[in-house]
Every structure is written in structure tokens, then in C-alpha cells.
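A.B. asks: Read top to bottom, the protein sequences are chains A and B. Note that the working numbering has the first sequence beginning at 1, numbered continuously upward. Note that the working numbering has the second sequence beginning at 365, numbered continuously upward.
Looking from chain A toward chain B, a few residues come up when the C-beta cut is under 10 Å (computed):
#, residue
1, Leu130
2, Lys132
3, Arg138
4, Val145
5, Pro159
6, Thr210
7, Phe249
8, Trp271
9, Thr304
10, Leu342
Keeping only pairs whose Cα atoms sit at most 27 Å apart, straight-line, the calculated DSS-like set for lysine-lysine is:
#, chain 1, residue 1, chain 2, residue 2
11, B, Lys450, B, Lys468
12, B, Lys450, B, Lys678
13, B, Lys645, B, Lys468
14, B, Lys491, A, Lys35
15, B, Lys617, A, Lys35
16, A, Lys179, B, Lys435
17, A, Lys38, B, Lys617
18, A, Lys352, B, Lys491
19, B, Lys398, A, Lys134
20, B, Lys468, B, Lys709
21, A, Lys93, A, Lys305
22, B, Lys678, B, Lys435
Honestly, the hints are just simulated from the structure, not real lab data. For each residue, glycine too, the CB sits at the ideal point set by N, CA and C.
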Amino acid sequence: MDAPKIKKESKNKIRVDFERAPLWERVKGKYFSMKFVKDVVYKIFRLVLLVGVCFVILYPYISKIADSFKIFPDFQDVTVIYISTNPTLEQYKYIITENDYFLALLNTFLVSASTAFVQTLVCALIGYGLAKFKFRGRNLLFAIVVLTMMLPQDLIRLPMQNMFCRFDTEHPIGILINKLFGTQVRFGVGNSETWVKFSGFIPHYLLSITGFGFRNGLFIFLLRQFFTGVPDELEESAYMDGCTAFRTFFQIIIPIAIPMLITVFIFSFSWQWTDDFYINTFWTSAHWTGDNSIPLLSSGNFVTKFPSQLTSMYGGSDKVVGWDAYVNAVSGTSTILIALPLIIAFIFLQNKIVQGIERSGIVG
Amino acid sequence: MAKNKDFTTTSADGTVLYHMAPKKKMRLTLSKRKALSGWLLVLPFVIGLIFVYGPILFSSLRAVFYSVEVKLTGIEYYFVGIGNIKWAFQDDLYFVDSLVNGFKSLLIQVPAIIIFSLFMAIILNQKMRGRAAFRAIFFLPVILSIGIIDTIDTNAQLTMAAITGGIDDGTGALTEGANSFVSMMDLNNLFANVQIGGGFMEIAMGLVNDIFNVVSRSGVQMLIFLSGLQSISPAIYESCQIDGASAWETFWKVTLPMISPMILVNSIYTLIDAFTASSNKVINHIFINIGGNSNPINSMYEYVDPATGETIHKLFSDNSLRTTEMWIYVVFISLLVVVVALLMKAFVFYQKRD
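Generate coordinates for the entire structure from the input sequences, incorporating the hints supplied.
C.D. replies: Shown next, in the form of C-alpha cells:
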């Protein structure tokens with residue numbers, strides 16, 4: 001074998017020509033080995049597995065999207081599986097026009113954004129307090145935070161509703177106000193006065209401000225873990241310069257915690273977006289429907305209601321074959337309408353969520 | 365004049381001249397100041413605990429020992445002692461069964477979710493095309509399979525189940541395939557012959573049918589494992605390679621110990637998540653069966669009216685019974701969480717950091 005030829009191309013550049021093995025030998029060496037076969041088989045296996053799992057996850061949405069373009073006769077026709085015989089947008093049209101979709105969308109956006117903002121800020125404060133300050137009862141408070149994470153919502157639903165709807169007889173403060181001023185203070189469901197229309201806000205935001213909203217225990221936990229990982233030296237230097245704890249929090253800790261805060265905000269926002277527990281506990285209910293309730297995406301009266309135009313168009317009832325499936329398809333269409341803004345936001349923000357979790361300090 | 369410890373100044377004959385506390389230092393010590401700031405930071409939570417959540421929790425706990433009836437005029441409470449608890453264990457036909465079944469399914473589901481999410485995290489940790497897209501899709505159910513969407517889906521499944529006799533939850537195609545596969549192989553017979561036992565078969569088939577649940581509930585766990593895997597130093601793997609360890613050995617000797625803290629976190633998260641999920645079968649039993657036709661409340665309790673002194677027989681309030689059963693379930697799950705945490709702590713390996 002000859003020595004490699006070295007050619008000087010320019011002042012500071014050389015080219016070395018090695019003698020290469022023939023093409024066939026190279027191909028044989030690369031592709032006809034056990035390692036290559038194993039590699040290809042493994043990659044195919046991996047791809048099939050990933051695509052399969054993605055299919056399992058996406059199938060409900062795929063079938064909902066397919067169903068949303070169908071007309072009622074498609075559900076009576078056994079030959080129609082995914083593609084409608086006569087694709088229309090009528091389901092979307094009637095849900096949007098009849099059920100105040102855009103109003104509900106706007107309301108839901110405002111409620112979700114404000115709730116998420118309040119919850120993120122409050123949970124960050126509480127998490128920071130629990131992570132970085134030693135005081136009596138800290139461990140007890142943290143234990144309570146974990147406890148709130150563990151209690152299922154259904155356990156507190158009825159007491160919560162009773163507490164706020166009969167605030168004047170069930171809550172010590174309500175009783176006190178009733179005794180002192182003689183006014184009956186009641187919130188939310190079950191009241192007919194007009195101001196009550198907005199009084200569902202009060203318990204909802206009260207829970208958010210105090211860190212007891214939906215899954216706020218989890219947020220406090222996540223943020224506490226994150227803040228525990230922030231080095232103490234940062235704050236100590238701020239204290240040396242005469243910063244108060246709150247100023248340190250807002251000027252030094254918050255900027256560091258932005259990725260984590262964004263994660264918590266996204267969780268809070270999207271869970272509030274689809275929440276039907278608090279919405280139905282305080283804002284709408286069987287007792288409290290019609291004019292007095294506020295249109296929201298997740299409240300039972302609005303987007304999830306079956307549009308009457310579709311009923312009159314097809315004259316359907318429970319006894320007609322395929323009608324149940326059609327009703328399901330329409331509610332699936334409203335699911336798409338509810339989820340669509342979230343999905344669009346998620347596509348843009350999913351990297352941020354992952355980053356936040358990765359830096360949260362749950363890990364190691 | 366003598367100054368005593370209780371800040372009183374007395375004259376020589378012992379009469380108190382005046383009380384006076386020494387002038388207080390306005391500046392607190394650093395640790396006290398920090399404690400105070402800490403209290404201020406968690407103040408919203410404490411206020412909420414005392415004025416909002418505490419009373420709610422208290423009234424929920426009160427329902428365990430009282431029969432609570434919500435009427436238009438107000439809420440009435442009758443003390444029943446352990447009557448509700450006794451009812452749950454003795455008179456509820458399905459409660460104990462559903463509790464046992466709930467535990468069984470937890471014991472199968474939690475390891476299944478942990479193993480699945482670890483497996484997927486390891487695969488997703490490898491470099492490949494479309495990794496971000498797969499990761500996003502796997503994470504989608506965390507955002508979407510909750511709240512109203514979950515409620516609508518559950519309702520749709522129930523009606524579809526009533527029509528077709530099968531639940532269409534995205535596993536339709538898969539289950540069909542699996543069923544035909546199973547019938548082809550006649551796995552039941554196969555296992556009967558090798559005498560592994562029908563129980564094992566049942567578990568395996570249950571998991572196949574439940575795959576949508578397992579997949580859609582492993583989003584967060586997968587993410588936690590993924591970030592755990594990324595925090596393992598590549599140098600360790602390199603040294604393993606140099607020493608000639610196979611991928612299999614590397615997994616058991618390096619990856620698994622390094623990821624064990626996350627297994628602990630994930631098991632507890634999965635337990636709590638399964639427990640608080642709306643699809644939890646025990647909770648569904650509690651809310652659907654009690655007071656419904658299938659499990660009528662036919663037990664009475666005696667109540668002495670303090671005003672008239674006469675004994676009144678009353679039906680148990682179904683809300684109290686529900687709350688009682690929920691609390692019993694909460695206690696059991698908490699015990700389970702503690703047991704799991706203690707058991708796993710023995711196996712968790714923490715890398716020493718300097």
C-alpha cells in the first residue's frame with residue numbers, strides 16, 4: 001500500500017489522498033454485517049412501536065374528527081366508517097351559532113388566563129416560602145400541601161358547595177356577618193338574585209388566591225422542589241445589599257424561575273380551560289341555569305349542549321337507529337371545538353413545558 | 365430597689381413600684397426575620413387553610429360521624445357515631461368488593477404504567493428523527509384527557525357500550541386484533557396446560573384491554589424519566605463501554621440504579637393520579653351505586669330528638685354514606701402510599717454528590 005499522498009493546495013491548506021478500498025468492499029463491509037442488520041431491525045421495531053402508541057393516543061381524536069364531518073344518515077349506513085358520504089360542516093356551524101361558541105371561548109380564555117396567573121403567582125410565593133425559609137410549622141404546612149394533592153375532588157365537592165351557597169349559616173364568618181349586619185351572604189349556585197350571576201367568581205378566585213385551587217398542591221410541590229435547588233448565595237448577596245425577602249423574590253428569584261413558572265402557568269391554564277368540576281360546582285348547576293349563568297366552554301349549558309337545529313333537521317329521537325351515535329358524534333365535535341385552541345397553543349409551547357419539568361429539580 | 369425578672373421594680377420593703385418591660389430591640393435577629401418573611405410568604409395558604417379549606421375539610425369529616433341532610437330550609441345534622449362506617453362495611457353489598465378490586469387493579473396498573481413509561485422514555489432518549497413530535501404526542505393526554513373532555517368521552521363510551529356492547533376507547537381496532545389473536549392461539553388453553561394459572565392470563569388480557577388507559581396516563585411519568593435519563597452523565601456509559609459491558613448489563617447496573625429515585629417519585633405520582641382520576645372505579649361505585657336502584661339504602665338509624673325526647677327512625681343520608689366510603693378509601697390509599705414509599709426507599713440509590 002502506498003503512503004498517502006500529500007498535496008499542498010494553498011498556503012495553509014493541504015489535501016491528503018488515501019487509497020480507498022473498492023466500492024464493493026466498502027458496501028459489503030458496511031451493509032453485510034450482523035450489526036447493520038440488527039440495527040435496521042431494531043429501528044423498524046422502534047418506529048412501529050412508537051407509531052403504534054401514537055395511534056392509540058390519537059385514535060379518539062382521529063375518529064372524532066372523522067365523525068364531525070358526517071351527517072346523520074351516515075350513522076345509519078353501515079358501509080360508512082370514516083369518510084362521510086356527504087361531508088359537511090353543519091355540526092360545527094350549529095354548535096358555533098347556537099351555543100354561543102365565541103362568547104364562551106372569550107369567557108373561558110379570560111377565566112383561564114386570570115386563574116392561571118393568580119394560581120401561578122400564589123403557588124410560587126407559597127412554594128418559595130416553604131423552600132427557603134425555616135419557621136415553625138413549615139413541615140406541617142408542607143404535609144398539608146401533599147394532603148391536598150391526595151384528596152380526590154369528589155370528597156370535598158358537596159361540603160364546598162354547601163359552604164359557599166349557604167355561607168350565612170355554614171361558615172363562621174358568614175354567621176358572624178349575619179349576626180352583626182343582618183345580611184345574608186351567599187355565593188354561587190342556588191341563588192336567584194342578579195348579583196349572584198357573578199358571585200360564582202368569588203369562591204373560585206378565593207380558592208385560587210389561597211392556593212387551594214385545582215391541583216394547586218401539585219404546583220406548590222413542583223415550585224418548592226425548584227426553589228430548593230436555587231443556590232442560597234444568590235439571595236444572601238441580595239440580603240447583604242439590603243433587599244427584603246419580597247423584593248428578592250420578585251427581582252431575583254422570579255427571573256430565574258421563568259421556565260418553571262411557564263410550565264405551571266400552562267398546566268393551570270389548560271386544566272382550567274377544560275375544568276368542569278369547579279365550574280359546575282360554583283357557576284352552573286341544575287339549580288342555576290338559563291339567564292343567570294355565564295357561558296363557558298366547559299359548562300354544561302353551552303358548547304356541550306346538543307344544538308336544536310340538528311334535532312329539527314333530522315327529527316331524531318332516541319328510538320331512531322343511529323341517533324345515539326350521532327349525538328355522541330356531535331358532542332365529539334364540541335370536544336374538538338373545546339380542545340382546538342389548546343392544541344394549537346400546545347404545539348407552540350410543548351418545548352417550554354418539557355424544559356420546565358426538566359429543570360424543576362424533581363430530577364436529582 | 366431591685367429589678368426582678370418579671371420586669372417589676374420593687375422597693376426595699378417589697379412593694380411594687382412600677383411594672384416596666386425593658387425597651388424592646390426593634391431589630392429582630394436574622395433567623396427570626398427570615399422566619400417572619402417565610403410566614404408572610406405562606407400567609408395566603410394559612411388563611412385559606414383556616415377560613416376556606418379547613419371548614420370544608422371539617423364539614424366533610426363531620427359527614428363521617430353524622431347523617432347530613434341537605435334541605436331547602438338548611439342543613440340538618442344527626443349524630444350517628446360509627447353508623448356510617450358500619451353501614452359501609454356491613455350493608456353496602458359492593459363496597460368491600462369494589463375496594464378489593466380497586467386495589468388489585470392499582471397493583472397491576474401502577475407497575476404497568478411505570479414499566480411502560482420507563483421503556484418509552486429509554487426509547488425516546490435515543491437520537492432519532494421526529495423525537496420532539498413523538499414526545500409531544502405522548503404528552504398530549506396530560507393536557508387533554510381531563511375535565512370536560514374526559515367527561516364527554518366517558519359519557520360517549522357509556523352510550524356506545526350500551527349500543528354495541530363494547531367500549532370504543534381507541535383500542536377498538538387493537539382489542540379486536542388481540543382478541544382474534546388470542547382466540548387463534550387459544551392462549552387460555554395453552555396456559556391451562558402449562559399450569560401458570562388463569563389469574564395470570566386474566567391480568568395479561570386486562571392489560572391489553574386497558575392499554576389506552578396505561579398509555580394516556582403515562583405522559584408525566586415519561587417526562588420525569590426522560591429528564592432523569594438525560595441527567596445521567598455520559599461518562600459513566602462510556603466507561604461501561606470501555607470495560608466491555610453489554611447494553612443489557614449497562615441497563616441493570618447503571619441506568620436502573622441511577623433512575624431509581626424517579627421510580628419512587630413516579631410510583632407515588634401514579635398512585636395518587638389513579639386515585640384522584642375521574643375514571644377511578646371505586647369512586648365511581650361510590651357515586652353511582654349508593655342511593656341508586658342497585659344498592660338501595662335500607663338501613664335505618666335511631667335518633668333521639670333533643671327537643672321532644674322521642675326516638676325517630678331515619679334512613680341514612682346517602683351523601684354521608686358516600687363521604688364515609690370516600691374517607692375509608694382515602695385512608696387505605698394513604699396507607700398504600702406510605703407502604704410503597706417505605707418499600708421503595710430501601711431500593712432507591714442516591715448518587716453521592718460532592
